[in-house]
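From just these sequences and the hints, can you work out the full model?
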Amino acid sequence: MKEAQKIFKTALEEGRTFVLEHEAKDIMKAYGIPIPAYDTAVTADEAVEKSKAIGFPVVLKILSKDVLHKSDAGGVKINLKNEEEVRKAFTEIMDNAKNYGKEKGIDVDLSRGVFISDFADMGTEIIVGVTKDPQFGHALMAGLGGIFVEVLKDVSFRLIPFTENDAREMLKELKAYKILEGIRGEPPRDVDSLVNVMLAVSKMIEENPEIIELDCNPTFVYEKGKGTLVVDARILIGSSEASH
Amino acid sequence: MNGSDADLFKDINPFFNPQRIALIGASADYRKLGNSILMNLLASEIEIFPITHSRDHVLGTKAYPNLSTIPEPVDLVIVAVGAKYCASLMPEIKKAGARNAVIISGGFSETGAEGAVLEKELIIAAKESDIRIIGPNCVGVSNSRLFNGTFTMMPERGNIAFVSQSGALGGMTIYTTRSKRIGMSKFASVGNSADVGIVEMLDYFRQDSKSTVIAAYIEGVNKGRELFEALQRAASKKPVVVLKGGRSEAGGRATQSHTGSLAGSTKVFDGMLRQAGCVTAPTLDTLFEICKLFDYQPLPRGRRIGIISNTGGAGVLATDAASDLGLEITIFEQKTRHELSQVLPPMASVRNPIDVVASGGRREYRIATELLLNDSNVDMLLVICAVPTFAGMTQTEHAAGTLEGVRMASIDKPVVGVWLAGDVGKPGKDLLEMNRIPCFDDPSLAALCMMRIAEYAETHQNP
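Chain order of the listed sequences is A and B.
For the first sequence, this note's numbering assigns the number -2 to the initial residue and increments by one for each residue that follows.
For the second sequence, this note's numbering assigns the number 1226 to the initial residue and increments by one for each residue that follows.
Mixed in with the good hints there might be a few duds.
Listed next, the stretches of chain A that the computed footprint assigns to chain B, with coverage defined by at least 3 CB atoms under 8 Å from CB atoms of chain B [as the list claims (entries may be wrong)]:
(1) 118 to 127
(2) 166 to 180
Each computed DSS-like pair below joins lysine-lysine, with the alpha-carbon atoms no more than 27 Å apart [unchecked claim]:
(3) A:LYS47 with A:LYS78
(4) B:LYS1405 with B:LYS1463
(5) A:LYS129 with B:LYS1405
(6) B:LYS1462 with A:LYS169
(7) B:LYS1405 with A:LYS169
(8) A:LYS200 with B:LYS1492
(9) A:LYS3 with A:LYS85
(10) B:LYS1309 with B:LYS1345
(11) A:LYS101 with A:LYS78
(12) A:LYS101 with A:LYS47
(13) A:LYS129 with B:LYS1448
(14) B:LYS1492 with A:LYS175
(15) A:LYS169 with B:LYS1463
(16) A:LYS200 with B:LYS1345
(17) A:LYS47 with A:LYS85
(18) A:LYS49 with A:LYS74
(19) B:LYS1492 with A:LYS150
(20) A:LYS129 with A:LYS99
(21) B:LYS1345 with A:LYS172
Treat the hints as calculated values from the structure; they're not laboratory data.
The structure displayed is predicted, hence computed values, not measured ones.
Where is the CB? At the ideal position from N, CA and C, for every residue including glycine.
Below, the structure written as structure tokens:
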């Protein structure tokens, strides 16, 4: 995929091994992975205009090569419901980033402004990730988010590439699979659309083996027929091209 | 793929089907491995040429000072001399007519940097002379129909092919499978896998018509993708049951110091095994019990289980174990229940699990077995005998009844026994096992093995 390759080249030229959020979303979009509507803005006025186009509520996040962990830098503002809140959030994010830079003793690059995204409705929280195993190469991980991943380590793996059947089986292996089937009167979740996301990520890694780590976290799965959204995506690349 | 498959088979086959073997390092000293190996080799019908500098005869067999003095060409050479001599033997092995060598000797990469250099030299020398090698640092190979080229026992004759990354564990396993009368077709301990490793063994065993099931003990691998592909190829032809060593972090460390290879992340490894269509064994014992069930019985069409017992308690335990593991406790057809109620006493249960009660003997076991096997809601059958001697019964009559029922049923479905009561149950257990019905001491072990064959059948019948 030319799009992804261009983005990786820019990143490496800037000395980054991570891609910025809008770049990650551009790559996701190129592979047909459903994501909330998004845009970028470098001024408060532009942020307001773009937010209106996306529709409230929105999320604003700092976009800078110097900030990988955006929340730590006070660079994330969610559930912004109107123009005023967006304008205020933009200023705060910029101020926070400057202060974060002072603490770290770096001059944070603010020229890219902010990432704006539709504030997605809460769905069943899923994590889809990719790791590069020293023996087996790229493998995809799936699990239910929150305590299921963090405490119970309820995740399953398949080597990339894998089949649709593999993707379904790896979800069924999860102890928390019953939640996707719908429990306590909840309607079943849209497993088909989640499987499509997993297959698209597999294809992305196959075509871009320099990706060494990827997180679609959180990914929200909605009820059957209503799809899946990858709300946040993180992509890390190796400094030189490497394949399994 | 087919061309290279046939080539690989031809390359590896002399390890298991040689006509003449030379043993370098044959010894009369019972404390040397070269002595144990020679004793094992001499027990076979194959022509053996012991090589030793020190004697004309070893263990009553004419010995030779080197490979160039033996009168006939050999096709397999087993080497049990110091590590530093091994590389220089390769050209001689080639001249002696062999293209296959098993290097039993230790002192290579498993011992550190110096040994690693020796191993590298061995690999280069073997390549130059066009010799395929198994080992170094291994227990050897055996073919239970032909010869024992190891310093451990000959396995019982059977159909399970076993490849082990750990030599000692592989050798020990042969003792335990012998005592359980589990038969193997071929055994290979691959040691440091300097040339031939698990991947090549899997490709060979897959094509070996004498092996119906493959058991593999794997600790760590360097070429993960090749292993995955070999496992997938093999599992598409016959069941492959894998025990992975080095699962915990502590176990992982022991693995690294043990064979010098990486112990990978357990979760990725587990996912890889499932993706390859392999069956996982949680313990060493279950590795061969699962293999035995695959070998003895047909694959089930589904995971619906029928249970027969002569006590309510044992039936309940088996039902709990089976449903915990994901087997389905089936509901019998109306016809089956009706016929059972005609022959069983009123206090018996004609629902799953069937309880023929303690007075039920040969006749009841025969009828219940036949009816359940013919029931279209039953995919497999678990027969339990908890009280083999009740009011004048003989110890084997429940087993005999089960066997008669199996023979009378018109359909081939997997049947597994659980015979409790220790030594009192043993004659019945032996009778079933002799007739290739695996028989366990514990309902939960039986359920685990049945679940594994059901999963394999599901994966490979609807790909």
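LYS1492 (chain B) and LYS175 (chain A) were given as a pair; does the straight-line alpha-carbon distance stay at or below 27 Å?
Answer holds: LYS1492 (chain B) to LYS175 (chain A) is near 21 Å, not above 27 Å.
Just to be careful, I want the Cα atoms of LYS1345 (chain B) and LYS172 (chain A) compared with a cutoff of 27 Å; is the pair within it?
Measuring from Cα to Cα gives roughly 46 Å; hence the hint is violated.
If you draw a straight line from the CA of LYS101 (chain A) to the CA of LYS47 (chain A), is it 27 Å or shorter?
Not OK: LYS101 (chain A) and LYS47 (chain A) at ~31 Å, beyond 27 Å, violated.
What's the verdict on LYS1405 (chain B) and LYS169 (chain A), does the C-alpha distance respect the 27 Å limit or exceed it?
violated (36 Å)
Given pair status - LYS85 (chain A), LYS3 (chain A), alpha carbons within 27 Å
violated (34 Å)
Regarding the pair LYS1462 (chain B) and LYS169 (chain A), is the alpha-carbon distance no greater than 27 Å?
holds (25 Å)
Are the Cα atoms of LYS1309 (chain B) and LYS1345 (chain B) separated by 27 Å or less?
Judged against 27 Å, a Cα distance of about 11 Å means the pair holds.
Run the distance test for LYS47 (chain A) versus LYS78 (chain A): straight-line Cα separation, threshold 27 Å.
holds (13 Å)
Do the alpha carbons of LYS200 (chain A) and LYS1345 (chain B) lie within 27 Å of each other, as the hint requires?
violated (38 Å)
Using a Cβ cutoff of 8 Å, are there at least 3 residues of the region 166 to 180 of chain A near chain B, or does the coverage claim fail?
holds (count 3)
Quick one, are LYS47 (chain A) and LYS85 (chain A) close enough, alpha carbons at most 27 Å?
holds (15 Å)
For LYS101 (chain A) and LYS78 (chain A), compute the direct alpha-carbon distance and say whether it is at most 27 Å.
Status violated; Cα separation ~32 Å.
Checked against the numbered hints above, the structure violates hints 1, 5, 7, 9, 11, 12, 16, 20 and 21; every other hint is satisfied.
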